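Chemist: In the order they appear, the protein sequences are chains A and B. Every number in my numbering is 3 more than the matching position in the first sequence, counting from 1. Every number in my numbering is 130 more than the matching position in the second sequence, counting from 1.
Take the hints with a grain of salt, since some may be wrong.
As the list claims (entries may be wrong) - Footprint (simulated), chain B over chain A, 3 or more residues, beta carbon under 8 Å:
(1) 153–159
(2) 169–175
(3) 264–278
Unchecked claim - SDA-like, lysine to any residue: derived pairs with alpha carbons at most 25 Å apart:
(4) A:LYS164 <-> B:LEU401
(5) A:LYS99 <-> B:ASN374
(6) B:LYS485 <-> B:SER556
(7) A:LYS164 <-> B:ASP597
(8) B:LYS653 <-> B:SER556
(9) A:LYS99 <-> B:TYR298
(10) B:LYS287 <-> A:PRO51
(11) A:LYS90 <-> B:GLY325
(12) A:LYS164 <-> B:LYS354
(13) B:LYS581 <-> B:LEU402
(14) A:LYS164 <-> B:SER556
(15) A:LYS99 <-> B:GLU345
(16) B:LYS180 <-> B:PHE656
(17) A:LYS90 <-> B:LYS243
(18) A:LYS99 <-> B:ASP375
(19) A:LYS99 <-> B:VAL410
(20) A:LYS164 <-> B:LYS243
(21) B:LYS533 <-> A:VAL280
(22) A:LYS99 <-> B:LEU351
(23) B:LYS492 <-> B:ASP614
(24) A:LYS183 <-> B:ALA376
(25) B:LYS293 <-> A:ILE153
(26) A:LYS90 <-> B:LYS581
(27) A:LYS164 <-> B:GLU345
(28) B:LYS581 <-> A:THR50
(29) A:LYS164 <-> B:GLY325
(30) A:LYS183 <-> B:PRO330
(31) A:LYS90 <-> B:LEU351
(32) B:LYS397 <-> A:VAL305
(33) B:LYS354 <-> A:LYS9
(34) A:LYS9 <-> A:VAL305
(35) B:LYS243 <-> B:ASP597
(36) A:LYS164 <-> B:ASP614
No lab work stands behind these hints: they were computed from the structure. In this text the structure is predicted, and so the values were computed from the model without any measurement. All C-beta atoms, glycine included, are put in the ideal place defined by N, C-alpha and C.
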Amino acid sequence: MHPIIKLVSQRLALGLLLLFGASALIFGLTEALPGDAAQAVLGQSATPEALANLREEMGLNRPALTRYFEWLGGIVQGDLGQSLTNKLDIAESIGKRLGNTLFLASVAAVVSVPLAIFLGLLAVQYRNRWPDKLISAITLTTVSIPEFLIGYVLVYFISVKLGWFSSLAMINDTMSFGQKLYAVALPAFVLTLVVLAQMMRMTRAAILNLMQSAYIETAELKGLTTFQVIARHAFPNAISPIVNVVMLNLAYLVVGVVVVEVVFVYPGMGQYLVDSVTKRDVPVVLACGVVFAAVYIGLNMVADIVSILANPRLRHPK
Amino acid sequence: MNEQLTHMTKEVTAGKLTRREFMGKAAALGVSAALASTMFADAARAAGPKKGGDFKMGMSSGESTNSLDPASYASPVPAMNGRLFGDTLVEVTPDGSIEPRLAESVEGSADAKVWTFKLRPGVEFHNGKTMTSEDVLKTMERHSNEDSKSGALGIMKGIESMKADGEYFQVTLAEANADLPYLMSDYHLIVQPDGGMENPGDGVGTGPYKLETNEPGVRHLFSKFENHWSDEGHYDSVENIVINDATARMAALQSGQVHMANRVEPKVADLLGRAPNLTVESTPGRGHYVFIMHCDTAPFDSNELRMALKYAINREEMVDKILRGYGSLGNDMPINVSYPLFDTSIPQREFDLEKAKEHYQKSGHDGSPIILRTADGAFPGAVDAAALFQQSAAQAGIPLEIKREPNDGYWSEVWNVQPFCASYWSGRPVQDQMYGTAYLSTADWNDTRFKVEEFDALLLQARAELDPEKRKELYSKMGYMVRDTGGLICPMFNDFIDGISTQVAGWVTDPNGELMNQYIARKTWFA
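Throw the hints in and build the complete structure from the sequences for me.
Modeler: Below is the structure:
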């Protein structure tokens with residue numbers, strides 16, 4: 004078997020095992036939270052009678068292990084089940100939410116990844132001179148300000164005062180691609196500011212490290228321009244660490260943006276998960292948790308595989 | 131000046147003058163902005179509703195877990211959905227009387243035990259079926275049978291039997307209750323086809339708007355239902371948008387992306403009201419913020435200690451600082467002037483450190499800190515209010531220790547469990563229901579453990595009493611009992627504060643709930 008295929012299949016199997024572990028952990032922790040879905044739904048208006056009826060209806064009277072394995076049995080057959088609280092099909096609800104989250108993440112990624120790498124390269128070329136310092140100063144500032152603050156400031160000036168963009172980034176199926184892009188402009192911008200710095204700094208650091216190598220010196224001595232040296236000789240060798248940090252940030256864009264979702268009222272996965280945890284809607288929490296875990300595991304796998312493909316020594320092991 | 135104003139209001143009614151022009155001219159005539167605003171609203175209302183437009187609401191308190199099943203409603207967003215697609219048999223009007231809706235008339239027997247609702251003929255559901263008394267009967271059964279998990283289960287308990295008979299729906303009670311029509315106005319009791327027995331969450335009802343899109347926690351879109359029975363529902367579509375974050379909600383309102391927002395925070399209300407395209411409507415209601423003590427748990431089993439704490443709270447300061455003036459003083463009873471049959475002669479309890487000290491000494495409390503539990507979610511400003519209470523109690527020598535609890539699980543782990551905590555009540559349409567829900571010995575939500583036989587007897591007596599004067603007297607007695615012996619510390623009644631775009635006409639102040647008792651999308655129109 005080709006070593007790459009072998010590696011991918013090994014990783015996939017390990018990933019599945021990890022997902023299983025993650026789901027068990029999430030289930031255990033959600034169960035350990037005080038109260039249950041019936042109590043959370045009825046809230047202040049819970050009477051013992053209504054509580055008992057609701058528990059019966061939600062099937063919460065059965066032992067935890069039974070419920071977990073029922074859920075596991077369902078998911079193996081591709082059935083995510085029904086929400087405990089609103090009886091809606093989880094696969095359908097998650098499908099919409101995940102689509103929205105991925106859309107916002109993609110828009111932010113399409114802008115931020117090339118921009119971060121380009122700025123990183125620029126910083127290397129002008130290292131320790133004013134463009135380098137300016138790029139570092141700006142990106143480090145934006146990453147240091149909490150994203151909700153950037154969000155509110157943008158909403159105040161750009162939506163309320165100037166009226167250029169909508170402060171509600173609500174998207175739905177009836178909108179065209181262009182309308183959707185317009186709607187997510189502000190949150191995507193905020194997310195770009197948040198993830199830019201780490202990727203930029205990593206690109207800069209990885210390439211600067213390589214610039215000390217002998218083969219770079221050779222390239223310089225044979226008369227290549229600085230940019231050619233960086234793009235053709237340094238960058239390919241720096242791909243591995245850069246891809247790793249890019250994947251980490253992509254994962255963040257998918258699973259870690261609940262604050263931005265709240266500020267811009269974006270119908271993504273984060274708010275869905277938070278609501279479900281608050282209401283102890285275990286099947287939904289599990290489904291979201293598994294999706295998030297899958298995103299993390301998947302992106303990390305991609306990072307590893309790209310690192311290997313980018314490195315001839317790993318690509319052709321002796 | 132009067133002539134000119136009259137002329138101007140006529141022009142508004144004829145649709146010739148916009149709000150901005152009217153306000154400008156009125157100001158030039160020396161009319162205050164508040165008065166001019168009212169005059170404009172009256173004139174615009176006189177013009178009659180205009181049809182059309184897409185109405186967007188920015189609403190707080192909706193979750194991804196919300197269902198359209200009326201039995202499950204416990205927060206504003208789903209309750210608003212119910213108002214849009216459904217109707218109740220009767221409703222309480224802003225002045226506190228009963229307005230027939232799906233019922234054409236209501237009649238009680240002389241002993242107030244048998245109540246007959248004559249149903250409106252020809253009311254159509256969104257699925258094309260015509261409403262029958264069977265639908266009504268099944269709806270009420272679903273909310274009251276033994277499998278029920280309805281939020282209205284508590285108020286349906288007193289019903290002995292129900293029957294459907296042609297165009298009549300009849301309720302027979304175990305005990306007399308003169309307020310039954312008020313109970314049937316509960317927002318959970320939306321009539322559904324076949325009572326919603328099969329599919330309670332399908333959102334099919336008799337309301338002026340029918341469901342188009344249901345995305346819990348995101349938005350709920352409704353369009354006009356042409357065959358609706360009443361003259362309400364002037365918009366082409368209504369969108370109930372969930373915006374839980376207060377800052378985001380206000381930004382959406384200010385930038386014109388929504389036409390109204392509920393739950394305006396008192397600290398930004400003044401600021402918001404200054405925006406030219408908005409009005410802030412503050413409605414005194416029956417909701418109140420409270421600190422509750424369990425009367426049967428030490429040290430709160432001593433009425434002297436309870437009285438000491440009641441005298442040691444500075445109500446004026448609370449209304450000033452926690453509500454920023456958007457509210458009124460509480461009087462340690464759950465009832466205020468917004469209720470029918472309220473005795474206004476009951477004296478207001480004052481902040482009195484001398485009396486607090488006196489009662490505290492008499493209680494013989496050992497001086498150990500008294501633990502007061504609070505959380506941000508107990509009511510807006512509950513943590514700050516607890517701190518203010520701690521300060522004022524300290525002046526009377528009463529040591530309070532504040533324990534801040536997480537919001538998550540507060541209603542299941544702290545409220546109605548711990549002996550002293552912060553909480554809120556949203557009030558009920560009538561005194562009987564409020565007292566019956568939380569002050570009757572046997573009530574599930576008796577969160578002050580106030581168990582007094584004499585009080586229970588008075589409550590039942592008042593319930594069966596049909597003479598309003600005598601009922602008022604009985605309620606007054608009960609008010610005094612809760613105020614002077616109960617476990618309720620009620621420093622303030624909060625107003626509902628809503629932000630409304632000036633494009634919206636037809637606003638009516640309704641103390642029964644926020645947003646015109648949630649009828650805003652049905653009863654207003656675009657000016």
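Chemist: Work down the list of hints and note, for each, if the structure agrees.
Modeler: Hint by hint, here is what the structure shows:
With 3 residues having a Cβ less than 8 Å from any Cβ of chain B, the region 153–159 of chain A passes the three-residue criterion, so the hint holds. Check on the region 169–175 of chain A: 5 of its residues sit with their Cβ under 8 Å from a Cβ of chain B, so the three-residue criterion for coverage holds. With 8 residues having a beta carbon nearer than 8 Å to a beta carbon of chain B, the region 264–278 of chain A meets the requirement of three or more and the stated coverage holds. Note on LYS164 (chain A) and LEU401 (chain B): the hinted pairing holds, with a Cα-Cα distance of about 15 Å set against a maximum of 25 Å.
Taken as a hint, the LYS99 (chain A) and ASN374 (chain B) pair is honoured in the structure, with Cα atoms around 20 Å apart against an allowance of 25 Å. Using a Cα cut-off of 25 Å, the hinted pair LYS485 (chain B) and SER556 (chain B) is violated, with the two alpha carbons roughly 30 Å apart. Taking the CA atoms of LYS164 (chain A) and ASP597 (chain B), the gap is about 58 Å. The hint is violated against a cut of 25 Å. The suggested pairing of LYS653 (chain B) with SER556 (chain B) holds, with an alpha-carbon distance near 23 Å, which does not exceed 25 Å.
This hinted pair does not check out: LYS99 (chain A) and TYR298 (chain B) have alpha carbons roughly 45 Å apart, beyond 25 Å. Proposed proximity of LYS287 (chain B) and PRO51 (chain A) is supported: the alpha carbons are some 13 Å apart, at most 25 Å. Taken as a hint, the LYS90 (chain A) and GLY325 (chain B) pair is honoured in the structure, with Cα atoms around 18 Å apart against an allowance of 25 Å. Restraint check for LYS164 (chain A) and LYS354 (chain B): the C-alpha separation of about 33 Å exceeds 25 Å, so the hint is violated.
At most 25 Å may separate the alpha-carbon atoms for a hinted pair to count; LYS581 (chain B) and LEU402 (chain B) exceed this at roughly 45 Å. Annotation: proposed proximity of LYS164 (chain A) to SER556 (chain B) is violated, straight-line Cα distance about 36 Å (limit 25 Å). A hinted pair counts as satisfied when its Cα atoms are at most 25 Å apart, and LYS99 (chain A) with GLU345 (chain B) qualifies at roughly 9 Å. Taking the CA atoms of LYS180 (chain B) and PHE656 (chain B), the gap is near 7 Å; set against the 25 Å cutoff, the hint holds.
Distance check on the hinted pair: LYS90 (chain A) and LYS243 (chain B) sit about 38 Å apart at the alpha-carbon level, beyond 25 Å; violated. Between LYS99 (chain A) and ASP375 (chain B) the CA atoms are separated by roughly 22 Å; this keeps the pair inside 25 Å, and the hint holds. Between LYS99 (chain A) and VAL410 (chain B), the direct Cα distance comes to roughly 35 Å. Violation of the 25 Å bound is thereby established for this hinted pair. With a C-alpha separation of about 60 Å, the suggested pair LYS164 (chain A) and LYS243 (chain B) falls outside the 25 Å cut-off, and the hint is violated.
Between LYS533 (chain B) and VAL280 (chain A) the CA atoms are separated by roughly 24 Å; this keeps the pair inside 25 Å, and the hint holds. Taking the CA atoms of LYS99 (chain A) and LEU351 (chain B), the gap is near 16 Å; set against the 25 Å cutoff, the hint holds. Of the pairs offered as hints, the one joining LYS492 (chain B) and ASP614 (chain B) holds, with about 16 Å between alpha carbons and a cut-off of 25 Å not exceeded. Annotation: proposed proximity of LYS183 (chain A) to ALA376 (chain B) holds, straight-line Cα distance about 24 Å (limit 25 Å).
Simply put, LYS293 (chain B) and ILE153 (chain A) have alpha-carbon atoms about 60 Å apart, too far for the 25 Å limit, and the pair is violated. For the proposed pair LYS90 (chain A) and LYS581 (chain B), the alpha carbon gap of about 39 Å is over 25 Å, so the pair is violated. For the hint linking LYS164 (chain A) to GLU345 (chain B), the alpha-carbon distance of about 30 Å lies beyond 25 Å, and the restraint is violated. Taking the CA atoms of LYS581 (chain B) and THR50 (chain A), the gap is near 18 Å; set against the 25 Å cutoff, the hint holds.
As the CA atoms of LYS164 (chain A) and GLY325 (chain B) are separated by approximately 49 Å, the hinted pair breaks the 25 Å bound. Between LYS183 (chain A) and PRO330 (chain B) the alpha-carbon distance is near 33 Å, which puts this suggested pair outside the 25 Å criterion. In summary, the hint linking LYS90 (chain A) to LEU351 (chain B) is supported, as the alpha carbons are separated by about 19 Å, within the 25 Å threshold. Restraint check for LYS397 (chain B) and VAL305 (chain A): not satisfied, since their Cα atoms lie roughly 49 Å apart, outside the 25 Å limit.
Among the hinted pairs, LYS354 (chain B) with LYS9 (chain A) is inconsistent with the structure: their alpha-carbon atoms are about 59 Å apart, more than 25 Å. With a CA separation close to 14 Å, the supplied pair LYS9 (chain A) and VAL305 (chain A) stays within the 25 Å bound. About 15 Å separates the Cα atoms of LYS243 (chain B) and ASP597 (chain B), which keeps this hinted pair within 25 Å; it holds. The hinted pair formed by LYS164 (chain A) and ASP614 (chain B) fails the criterion: a straight-line CA distance of about 53 Å is larger than 25 Å.
Against the hints set out earlier in the document, violations occur for numbers 6, 7, 9, 12, 13, 14, 17, 19, 20, 25, 26, 27, 29, 30, 32, 33, 36.
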